[in-house]
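Asks: Protein chains in written order, with numbering that gives the first Met the number 0: chain C, 0 to 288; chain S, 0 to 66.
These are computed hints drawn from the structure, not numbers from a lab. Incorrect hints may have been included.
[As the list claims (entries may be wrong)] Listed next, the in silico BS3-like pairs over lysine-lysine satisfying Cα-Cα at most 25 Å (straight line): (1) Lys228/C <-> Lys26/S; (2) Lys245/C <-> Lys191/C; (3) Lys228/C <-> Lys9/S.
None of the values given here were measured: they were computed from a predicted structure.
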Amino acid sequence: MALVTTDDKHYKAIAEAIRTNAETDKTYLPEEMADGVNEAYAMGRRHGDAEGYIRGNLKGVEEGMKAQYDAFWDAYQQSGKRVTYQNAFSCGWTQSLFKPKYLIKPGSGNYQAKEMFYWFGSLNEPPLDWRTIADKIDLSNVTDATFLFNSARINYIDVDLSNATTLWGCFNCEWQITGRTHLTLKVSEKCKDYTVAFNYCADLTHLIFKEGSKIAANMTVSSATNLVKDSIESIVNALWDDASGKTLTLSLTAVKKAFQTSSGSNDGNTSEEWLSLVASKSNWTISLA
Amino acid sequence: MTTESITTIKLTAAEGMMLTDGEHFGKEVFLAIGADQSAWYEITEAEYDEIMAKESQQGEPESADSI
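In isolation and in its complexed conformation, chain C is listed as follows:
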């Protein structure tokens, strides 16, 4: 064995490095340091294996979940080709489940969108904010909007239903607390039926008809007792000028408040502003219930 002269600070440094990497507080004689290096290496392997497993596992779970998501939605939406969505997201569907992969674009006809979101949502979740999924749905081809959003826990709905010929029960809220305060629509003179379309809409404060909308059939929005002024104006302004023999029914409570002449006067139904609005649609009978 050759004897060498060295500085013992090097041995201290080596021992410290071994202790750090082997995660131990052992002390080492020089002849024990080779084993110490092996212990440090083994510890590094264990850490590497654990971290590798965790990463691999997570990636595997992610990929597995993605594969399941794709499998379900590819089938449910026929890889984007589905156009028949009657009852597709009704009763039992909730916000946490509703993660469509493809654009939802129902076709025209009786079975395409009827009751599509009938009783959608759960009281255990807040209402779905339509604005978060608006780019996933296109209802512009829908002709039959019967019960489409009936009792659906969806708020801030903003849709083009200008091809719809019926909105029978479309926004009715009878069977579930929907939390629906805001609704924006485009309709046309094609729609001949608004029967119970807006029943039980006591929470509705904002009902706006988009530019170009034409309301051509009897409509009752009297359940919306909290409707604000610009919404009432929007509804009246959308009444079709060519309609004949038609009636719009609004909430007396809402009009009294919305058009009141001073705070708390609750006299909006006799205000000049309201009477002028009524007069602007002299071809319509306007009823306050």
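Based on these hints, arrange chain S on the given structure of chain C.
Replies: Positioned in the frame of chain C, the structure of chain S alone reads:
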């Protein structure tokens, strides 16, 4: 250019009553130009509530069978 005054006829139900034409209801009714005023008559609020309760049980419209 012509200018004309248009008179809107407003019907107001008496206290405790509701106006109806058999299909629509209201405490106050602003008639369309040319609408038949005689089509509207009064019912009691109790009768109105009863009608509303019956209407809420109304089912879906007749249409093609659901799939």
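Asks: Broken hints, numbered, in rising order?
Replies: none
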